[in-house]
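Chain by chain, the residues run as shown.
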Amino acid sequence: MTPTEKEMPVSERGLTFLRTMLANKRAEQKKMVEEFKNDPAKQAIVAELRRKNAAKRQAASEL
Amino acid sequence: MQLKDKRLVSYEIDSSGNESNLFYFTTDQDIAYEVRFKPSGYLFPDEPLLEPHVYEMVIALISNPGGKPPAIDPRIPPTIAAVFEQFMRVHERVVVYICESSDSRGAARQRKFSGWFEQYGQLNFVKIDSRLADTDGSVFLTSLILRASNPNLGNTILAFQRLIGAYSEGK
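Respectively, the protein sequence lines represent chains A and P. Residue 40 in my numbering sits at position 40 of the first sequence, with consecutive numbering throughout. Residue 82 in my numbering sits at position 19 of the second sequence, with consecutive numbering throughout.
Everything labelled a hint here was simulated from the structure, so no lab data went into it. Hints are not guaranteed to be accurate.
Unchecked claim - Each computed DSS-like pair below joins lysine-lysine, with the alpha-carbon atoms no more than 27 Å apart:
1. P/LYS101 x A/LYS25
2. A/LYS37 x A/LYS52
3. A/LYS25 x A/LYS37
4. P/LYS131 x A/LYS31
Claimed, not checked - A few chain A residues that don't get close to chain P, going by computed Cβ distances all over 10 Å:
5. PRO40
6. ALA59
7. GLU62
Bear in mind that the values here come from a model prediction, so they are computed numbers and not experimental data. For glycine and all other residues, C-beta sits at the position ideal for the given N, C-alpha and C.
All chains should be modelled from the sequences, with the hints used to inform the complete structure.
Right, here's the structure in full:
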């Protein structure tokens, strides 16, 4: 029987949290990339940010 | 002078999406990043008062049309600091960040992440770092960040230390 979190020795419990956090983070990063690929609204936000950045660079280069 | 000025200027941030915990910015290399604060009350299951305010911060490179590896960019630290400033306007919020440590660059990543705090966030934020080794030799590098004005400051730090201490006691 797998012990529940509460039943684990304290050391195992802390370690479980950290492993879970890291696994969650990796999964979330993959999800964020996939969501961006499939979300025109997010793509539009990024396109607009790039456009504004380019305009600022252009303006700075003309100073 | 120009370089110094450039270090201080963050990139424009967009948080206009439907969710208030998502932020976007793009760099001079046209690389796009998303910063997401994911509700993570599960980290403090024994602290019901903290649970609704705990988030994990995840930064993802979501688009790199040039395909080149991202260069060191001095404008990213102030940009991350600006994202924090926006997200932490709700003073009760607590952010936990864990660095990827499966390769030898984990410590460098944490130093890089800490850079924004030392340079831009010291006055408003408190950051607690921990470094713990797994049984397989890999290292977990985590940071807890909260506003110095957080009404639960003391309890949150104690809860984080209990979480970390729970692990180190057994080592």
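Okay, the hints, checked on the actual structure:
{"no.": "1", "hint": "P/LYS101 x A/LYS25", "result": "holds, 9 Å"}
{"no.": "2", "hint": "A/LYS37 x A/LYS52", "result": "holds, 21 Å"}
{"no.": "3", "hint": "A/LYS25 x A/LYS37", "result": "holds, 19 Å"}
{"no.": "4", "hint": "P/LYS131 x A/LYS31", "result": "holds, 22 Å"}
{"no.": "5", "hint": "PRO40", "result": "holds, 12 Å"}
{"no.": "6", "hint": "ALA59", "result": "holds, 13 Å"}
{"no.": "7", "hint": "GLU62", "result": "holds, 15 Å"}
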